[in-house]
Each structure stands twice: as C-alpha cells, then as structure tokens.
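With chain B's structure known, arrange chain Z on it following the hints.
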Amino acid sequence: MTSVGVNVPRKEAPNKVTGRARYTRDLCQPGTLYGLLVPAHVAHARIRAVETSAAKGLDGVKAVITGDDVSFLTGDVIEDHPPLARGKVRYWGEPIALVVARDAATAQRAANLVRLHCDPLPVVNSVAEALSEHAPLVHDEVGSYTIATPPAAPRRHSNIADEANVTKGDCDQALRESDVVVTVHVSLPQIDHAAMEPRVATAEILADGRVLVVSSSQAPFEVQKLLAQYFHLHPGQIEVTAPLVGGAFGGKATVQLEILAYLASRAVGGHVVTLANSREVDMATSPVGMGLEADVVLGAASDGRLKAARLTFYLDIGAYADSAPRIARAIAAQCTGPYRVDHLHADVYAVYTNHTYTTAFRGFGHMPMTFAIERAMDELARKLGQDPLDLRQLNALAPGDLSPTKARLTSSNLGNLPETIQRLKPLIGWTGGAPYAVAPHRVRVQGVAAFWKTSSSPPNATSGAIVTMNADGSVNLSIGAVEFGAGTKTAAAQILAEALRIPVSRVFIRDEVSTATAPEHWKTVASLSTYMVGRAVLDAAQDVVRQLKSLAAVVLRCAPEDLDYGNETVFVRDDPTIQLKYADLALGYQYPEGDSIGGQIIGRGRFMIRHLNLLDQETGHGRPGPAWTVGVQAVEVEYDTETHQYQILKAATVLDAGRVINPAMAHGQVRGGMAMGLGIASREQIRYGPQGEFLSNQFRTYKVLRMGEQPDTYLVEFVTNPQVDAPFGARPLGEHGVLAIGAALANALSRASGLALNALPLTPEFIWQQRRTMA
Amino acid sequence: MIPGPLEYYRPTRWDEARQVFQQLIQAGRTPRYALGGTELITMARTSQLSFSDVIDLKRIPEVMTQDQDGDWITWGAGLPLGRIAALDRWPVLTATVDRVADHTSREHITLGGNGFSLLPYKEAMLPFMLVDHAEATLATGAGLVTGRLPDYFDGTWRVASEDFLVSLRVRESEVRNMRFRSFKLTRLDWIDYPLVTIVAVRHPTGEIRAAFAGWGSAPLVSAEVNRVLSDTSRSPGARAAAAIGAMPVKPLDDVHGSAAYRAFVTEYTLARMIGELEASS
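Just so you know, the sequences run in chain order B and Z. Just so you know, our numbering puts 168 at position 168 of the first sequence, and the rest follows in order with no gaps. Just add 775 to the spot in the second sequence (first one is 1) and you have our numbering.
Because the hints were derived from the structure by calculation, they are not lab data. Glycine included, each C-beta is placed from N, C-alpha and C at the ideal position. Be aware that one or more of the hints could be misleading.
[Claimed, not checked] Which stretches of chain Z does chain B cover? Using the computed rule of at least three CB atoms under 8 Å from a CB of chain B, they are:
#1 776 to 782
#2 959 to 969
#3 1033 to 1039
[Unchecked claim] Examples of chain B residues lying across from chain Z (beta carbon under 10 Å, computed):
#4 ASP68
#5 ARG687
#6 PRO690
#7 PRO761
#8 PRO764
The shape of chain B in the complex, shown without the other chains (with noise of 0.2 Å):
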C-alpha cells in the first residue's frame, strides 16, 4: 500500500494557509443584493402585526417579508417550522422578517425600522416548565402537523415532539436484584456549533426557470430536495453548490437560509441575493445543539457486573424538532453505552420549549448521552470502589451480544472496546482515579469515559463517484461529499490512487460540490464519507481497470484477464515488458496509422448502504447502522480545592479505527474533537435570560476553548481490527472524538472535589456551587 495508511496532506490545504481557498462569501457577483433576517426580541408572543412601512420606504431597500408572505411550513421530519415567524413567535432570535437591500448596511438600517406588535405569551424555558401540568404550549396543536418523514410520535396537546422507546428483558425485576443501584440526573445546556464560518446561502431564480444556489450547506443534495418539494419545482431545475465549508459539527446539514434565500430572489424577480448570518444571528436564529435532561438508574451485581438500566432522556430541542426525532431514536438505539445490560427500559423525549430549535450537532446525540451513561458508570465504579477502567472492561459488549435495539454484534461491526481500554493505560499513566497531593490545596486525578456510536443514517442512504482519465494518464474524481474540514476528499483521492495504483498526487479533485455535476452524496454527516463515498470510489476505480483493461486487450491482442495493472501501465502478467501507459489509452487508443478505438475512460461508482432498518416504534428494535465505532479517553486534570480553578494537563483517546487511512489527519481529528469536547465541558453554555432571552449570542458571551488554554498534551492511538465490508478495513471516527471527553472531564473533577458533578459546563463557579449545596 503506498497511498492508504500514509499521510497525505490534505488536498486543500495549500490554498487554505495561504488565504486563496473560497468559501461561500468569496464568491461574490457583481449586482448581489444583500438580504438579512430580523430576529424577534421576544420568546414567546403572538403576533399581531409585523410593521415593515418604513423599512420599505428607506432608499435602496428592493423587498420585506414577512410570515404573511409564506404559508407553507418546513421540517425534515415533522412539518412545524414557519421559514418566517407566522401567528407566533416561539423563540427569541426567530426570523420575523426578511429584508432585502442594495447593500448590507441599507439592510441593516431597514432592519432596524422593522416593528413586533405581539401579545406576550408565557415562557417555555426549561424542559421541567415543557412538562409541568397546565405548561404553556410552544405549539398549539402539534399532533396536527404533516409527518415529512416517519417515523415520528408527536403527542397530542402537549410539548412532546416525539418519543422513542426501547425495552429489553424485565427492567424492574432485574433493578429489585442488583446489589448495587445507583442514580443520577444529569442536566446539559443547549449550546452552539460554532463554527469558524457563519452559515451563508446565495440565490438565483433565471429567466429559464433554472435555481441557482450557493450554500455553505452539508447536505447540498438535501437542500435541492427539499426546495423542489417547498417550492414546487423539478429537482434537475435546481443546482446547489456547496464550496469549501468553513466548519459545520452537524449544524450546516439541515436547510434553513437556502430556503429563505430562495424568497428572497423571488420577492426581487429572481434576483441573485445572497443570506449571510451575522455572529450573533447564527447563534440565536440558526439552530443550535440540544440540551439534555436525563435520569439514570443503573443496577450491577457485586463484582461490577451491569445487570439492568431504566433510562429517561429528555431533549431541550427548542422551538421546533428539525432532526430531534432522528437524534432521539440514535440516542434510544445506542443508550446503554458500549455496554451489554440484558434487562433494559429507555424512554427518549424530544421537547419543544421556546429556545432556539436544534439540529445534529457533532455525535448526533451521542455526546449528551455518553455523558449521562458515563456519569453513571463512574458513580457506580466509585460505589463498587473499583478501577473505573475495570469496570468498563468487565461490561464491554462483544462481538455475539445483542445491542439495546438487539442488532446482532459481530467482531466486525463493533471494534474492540477492551482493546483499547489496555491500550490507554499505558498511554495515560493510569493511575487508578484516585486524587492524589502535588501541593498544597492541589491535587492531580485522571478520569475516564468510553464511547460507542454508529451512523443512525437512513436506510436508503446512497453515494457515488464518477472518475475520469485526463490525456495524461491522471484522474479527476467527482464525489458528492462536501469538504469542511474533515479530510473527506484527500481520504477519497488516497482511496483512488490506492484503487489505480497511482500517486495521490495523480488524482485531481475539485473543493466544491455541485449537484448537477457531481453524483448523489446523502449528506455529508455521521462520520460516514469514508465508507461510503470510499466504497463508491472503489466500485468506480473497478470499473475504470475493467475499461483500461478492456481496451489494452484489443490493443495488444490477448484477453483482459492475461493483463495486470501498475505504475500507470496496463501489462501483460507473464511478460510485463508487453506494456500500454494509462496515457495511450486515457482519451482512447490511436494506432500508429493514427485510426482509433475507444473513448474517454470514465468509472462510475456508487453505494448503498445495506439491511438497515428503521426502529421498530413499539418494540425499538432494529438495525441503526453498519456498524459502531467504540473508544475509551481520559483526561488528567490539576485542581486547586479552595479555588475550585482547574488545569487539564492531558487528554487522550484511544479508538478502534479498524485501519487508519491518513494517520495524521485522523490524529488531527481526534484531538480536534477533543479540544471541541473540553472546551464544550468546561465552559460552553446557551444562557437564557427568565424571559427566554438569548444572552448568549456573541464569543464575548458564549467562551469557547482557545489555543492557550488548551491541555498541555494530547495524546491519540488507534487499534486497529477491521470492519470488513469498509473500505481497507476503516471506521468511521470523525465524530468520535468529542463523544465522551466530556464525561472524562466531569469524572475527574469529581473524583477530585469528592463531588458529583452532573452538569455542564463545569466552570469553577459551578463547582463551587455543589460544594456549598453540600455544606
């Protein structure tokens, strides 16, 4: 192998460090109009009238819209959601309108001259208020609302979108018997994907009917699907480019600007007007990740055993479900952790509450829901008083269990949990989780949390690849994935060279996406573009050595099956001097008479995922993905027990990636999901005020992690036992890293403070807090 397993640069990366990649906004027409959203400063309200007079009287403004304009409602799943506030305003920060303007600060001046006029409605502002007797409903009548995508459970007259269930053996008998029981109510904040680039959409409506639309978007496909079906108009009229992305973690796979881009055009006769979120209207107008409520119960036998688990899950999805019924039934599907428990009860809601709505964030649920579990497995492992590592090794599913949705597990599909848990300890120094002095009022503690997540993606999840032979005997490779950062197009590029035995530099690729150029890619989410568009490029990369091999065989008369390929030369086996460069036969092959047979070699590839299955919506049982990824990581921390001020001095993770395609852009994002999960643990937090107010809608308000206060070390291993029907054996891990970091974190902070610290983020104040709730 000289093109897998190595690290290749990325392929974007030279134009990226030196300033010239384009995104979105670089992509600038002459004559754009320039549209902006006008976020509600209200909650909860209905509405009586939006006053746009004035701002449609200020000189260069082209349109202003409103909800009274629109009439349709979106969702991907459940259709809930208004484009523009319409009747009700049912977050702070919800579009009310849309202006569109000769320049940007025009925009802005008329924006500003917009008027609410609502009636104030009572404050869904919290999952418990969501839930309360006579609550307030953020939706008047959800059970009236269009399933786009089943399934889906919304309940009657209430603010329950969706549940999901799943049940195993017999829960509660299996509780009454365990030796030990422990419980634990975990409580997570809604927080922000904060990305480097704020999302963005341009459109254009032409005279011929054609859409054209630029979008910083994961899902270019999904967007040309779902303004077909909005607006009434055939998929193939509407092209979406999707450029270089500047980070996504989720946020950028559901459709929001595009659509509102495409009123924008149409309200200024097609028009090309461009959409680009300020800081603060990505946060509080765009969705943003879920909070979670969730109640624990884990019952083991006295050697540490897990012997049964009743589960409650409770999702703060804000004003509307977007993926939330997706995310609940990945959450119910993989609830228990990397770990067998035969007798099983989870129950997994999706609550609407006057928050900003959600969508997939890094993990599709899994990282809340790792924290909870993970919670749980150390409380468990401190009152059993034993090694957490242990613990954790002792309940590993393996390859013969069942998962909780009773997916059968196979030593392919699953990893090696085990492994790498003996993996870590060496890497980490593991010292046990027991605190130990380093001076005064200080103490060091490590603490640990293992993952495993799979695609949870549909059933009919498709992907492509089409190759074609440049004069030169090179390639040009299309694939439907787009970039933001994750690698996915050099893993594809290596991937092919590894196919045609050529350098990865040999294979061109182009950054963007185009839906009328490129093959179907599903969405690029769920760590899944490695295994599906690689195994499209594969099928594609064979049918470019069948043609190369087709033609060689008239040309040196023998059959294909006497010929072998390498070094960009087509030769026959037994005598490889017998020979045709790739180049003789790129654009097809010319006799020295200067006749010619042939033509282009174009591959195609394409994949579909296979035998997966939506959760059965009585049982939960079904199949969510090809297969799981399982790791283990571990942080070690220095904290100061007056201050309650805090130093991660190590953070590592071990995983098991089946074969490593590009070691260094995986350990690149490992610790990139690392640094995201810290940062999202110890500091990142959606704050809303008693009103529901958005107070958290600037990096002033709403910390991330920056560079300097990054841990000292970060340490990543993979091992490596293959998931056979993937490409050269790899995992998907391009989530995983952000999936129980977290938990590691609040593990050690309560092993060090002798607390038990089951919220997020654990800022000093926080743990302060506990400590005086406790005294």
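Showing chain Z alone in chain B's frame:
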C-alpha cells in the same frame, strides 16, 4: 460594519475638536469622540449604539503624549493599551492594562477609550485610583485644564460631554518601587470580561490600598475597605473576609458570575494579595 450614514472628522488641535463637537450638537446631530474605536464599531454593528459623526482625536499631539517630564509620568489618552504596556513606565499599570481584552484589541483600545468605556470595567483606571498624586488633563472651554483625578473621576466621570480627557499622569517619586499585585479573575477563560479585576498596592505610607473593577457597575476604591485591608493585627484571610463585608456596593450578578461567587473569588484573591504584599522581600 457601521450601518448608519456616518461623517468622520480628524482634527489636529484639541480646541478644533471641541468646536466641531459643539457645532454638531447645535446642528442636532449625535457626535462621538473616538480614540481606538473598538467599542464604537462593535456596538454600532449590533445597533446597541448609534451616532451620526465620529471625531477622531488621535491626530491631536497632546492626546498622544508619552512623556516623562521631571517627576511626572504622563500618558496620552490616545495611547493604545498595548503601547502603554510596551513603554512599561509604571509596572502596576503595565500589569493591569496587559490583561484587558486580547492582544489584537489592546493594540487598538486606548487609555481614554478604556477609561470612558460604556462597559462597567475601565480597568486601566484602577492604578490611578490608588495613588495620592494622580492628575488628569482635560480639554475644556477654559483651555487645557489639569487637576487632581478624584475631582473628575471616582469610578464615574464628571466631565461635560463636549470636553474630553487628554492625558493622565502620576508622580514617579510616589509610585517608584511601590509593591503591587494586579489580578484579573474570570469565569474560566484567560480572555474574558473580569468577574473582578483587583489592583492592590502597598503604598509608601504603609497602607494597603485596593481598587476593584467588575465588582460593581463602575470601578471603585473605598477608604473603609483600605482601612480593613491595612489592619495588620488580623490575618490576611480575616482582613479579606472583613473587606467583603465593607464593600460599599453589592457585587454584580450577571452571565459571567453570580454575586455570591464574585464575593468568593474576591475574598480568596484579596487574602492572597495581602499575604504577598506583606511578605518580606
């Protein structure tokens, strides 16, 4: 982006600046003096602040002074905090301004801009509130007037809207070898608004004096707090606890931290500062 139509003036004389300001006011406009502009730009961008005209004071020589003339060390109001730290004429001022905002911003935020900030902190003013001989020079209708700082500023400025701060100065003989501690306590991050920034000095008189930003809605010093802090008959911890009780206003309660937590961090930080200021060197 500043959305409004905006006119920009760049006078080179202090009296010219005042004149333009007054003319604009008479014309019914809403002018603002500007130095670094960081707050005007960021607040205008989010429509928290609107103004019709900006009068940039940074071409006025007196505003850009960086002198040491005899016993007086003078800093023009237009000096960026990063520049003041680089000059390093007064270590306690260096340490304090070096913790305002982030490095990039400190190259723009000025002494005057921080002093007249619309935010509650104004940390750069804290060292000046701790010495006996701090003076401010203002551009006024009566000319350039220099007076004792407390006559114009006690956490809040008493300066007419058309007047502006030109410079601040202290006596080298007073501040030389003054022991100090300057700590910024945040919710968690190195770069953040302060929960509380505390600057404490051991004055040549022997007194321990402390100034606080972030505790209340304006920076403050309190004679009573300083008296408590200087009572060497009690332990640093006891003095710190008593100082919290003696604070003249209640602590802020906001997204950065609760009032009770502000009191907690202030107390343990004061105890540490007293101990360090009194430790034999």
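Against the structure, the hints come out as follows:
{"no.": "1", "hint": "776 to 782", "in the structure": "holds (count 4)"}
{"no.": "2", "hint": "959 to 969", "in the structure": "holds (count 7)"}
{"no.": "3", "hint": "1033 to 1039", "in the structure": "holds (count 3)"}
{"no.": "4", "hint": "ASP68", "in the structure": "violated (24 Å)"}
{"no.": "5", "hint": "ARG687", "in the structure": "holds (5 Å)"}
{"no.": "6", "hint": "PRO690", "in the structure": "violated (12 Å)"}
{"no.": "7", "hint": "PRO761", "in the structure": "holds (8 Å)"}
{"no.": "8", "hint": "PRO764", "in the structure": "holds (6 Å)"}
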